[in-house]
Amino acid sequence: MSILLNLAAGLIFGLGLVISGMANPAKVLNFLDVTGSWDPSLAFVMLGAIAVTAMGFRLVLRRPKPLLEQSFQLPGQSSIDGPLVIGSAIFGLGWGLFGFCPGPAITSLGLAATSTLVFVPMMLIGIAAAAVIRKRLGS
Amino acid sequence: MAIETEFTPLASAVGGALIGVSAVLLLYSSGRIAGVSGIIRRLIVPSSDSKPELALAFIVGLIAAPFVWTAATGSAVVQSVSENLPLAAVAGLLVGFGAAFGGGCTSGHGVCGLSRLSKRSLVATIVFMAVAALTVFVSRHIVGGGA
Chain L
1 MSILLNLAAG LIFGLGLVIS GMANPAKVLN FLDVTGSWDP SLAFVMLGAI
51 AVTAMGFRLV LRRPKPLLEQ SFQLPGQSSI DGPLVIGSAI FGLGWGLFGF
101 CPGPAITSLG LAATSTLVFV PMMLIGIAAA AVIRKRLGS
Chain W
1001 MAIETEFTPL ASAVGGALIG VSAVLLLYSS GRIAGVSGII RRLIVPSSDS
1051 KPELALAFIV GLIAAPFVWT AATGSAVVQS VSENLPLAAV AGLLVGFGAA
1101 FGGGCTSGHG VCGLSRLSKR SLVATIVFMA VAALTVFVSR HIVGGGA
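Heads up: the sequence lines are chains L and W, in that order. Numbering-wise (our numbering), the first sequence opens with residue 1 and increments by one. Numbering-wise (our numbering), the second sequence opens with residue 1001 and increments by one.
Isolated chain L (complex conformation) (with noise of 0.2 Å):
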């Protein structure tokens, strides 16, 4: 049961970013470029993913658990700290550069362009070096 929400979470998650645009590195970088080819389309991504969230969110916490687990795993932290700001600066800087933030980039993966297939893969080891690292430092 678990397996199959999670596949649909998944599924609902991929249609919405093709159906929205997000999925197209062209139309992401427009948004990006406000001062040239502005397109403004990627704010209502957000609007809509917000509205939808925040609301969906609000009922479900009020629960006391998840329907199939023990309990709620939501992020803990509340610092606003050097990996936050450095790591979201890094993130940002390889998003303008090529327009895949990570959701698009998987879900891009059986169009199967070059690039995305080289993308994909130097994301996955950044992840992993993130991680290791942000353990080293124990955080």
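Simulated from the structure, these hints should not be mistaken for laboratory data. Every value quoted in this text rests on a predicted model; they were computed, and no experiment measured them. For each residue, glycine too, the CB sits at the ideal point set by N, CA and C. Fair warning: there could be bad hints in the mix.
Derived CB-CB ranges, DEER-like [said to hold, decoys possible]: (1) S71/L x L1085/W: 39 to 47 Å; (2) L1010/W x S37/L: 26 to 34 Å; (3) V1143/W x L59/L: 43 to 51 Å; (4) P1086/W x G110/L: 17 to 25 Å.
Dock chain W against the given chain L, drawing on the hints supplied.
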């Protein structure tokens, strides 16, 4: 070189709402945040409570989405990706490292974090949006001929 794209507020809002439905479904069923970089990390760097099999199921769904879309609508997914492979390699490394080091990406911080009114996620989102916009500005309008 910029490729023109069409302004699609309705499709983008509907797609965004679906991303929201997915995030709510995941929190409701499994009690977890739909942050894609975090889900990938749970899969490739498993820990005692990371449930990699659930992370894998989510990723399989994500990969299946374009095929399901094409099967259902009969139309191909519109996408134009840069063919610059060294750029893809560098950007991929930066995106993966930055998202995991900063504790989240567009979905985890940008959608789920902002929806939970997390100050941490607000700071992260402002930083990555600003740096990404600045990167596009420099590569397109100062250096020129970039992505």
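Hint check results:
1. S71/L x L1085/W: 39 to 47 Å: For L1085/W against S71/L, whose Cβ atoms are near 44 Å apart, the range 39 to 47 Å holds.
2. L1010/W x S37/L: 26 to 34 Å: Taking Cβ atoms as reference, L1010/W and S37/L lie about 20 Å apart, which means the hint is violated.
3. V1143/W x L59/L: 43 to 51 Å: holds, 47 Å
4. P1086/W x G110/L: 17 to 25 Å: holds, 23 Å
Hint compliance for this structure: hint 2 is the single one not met.
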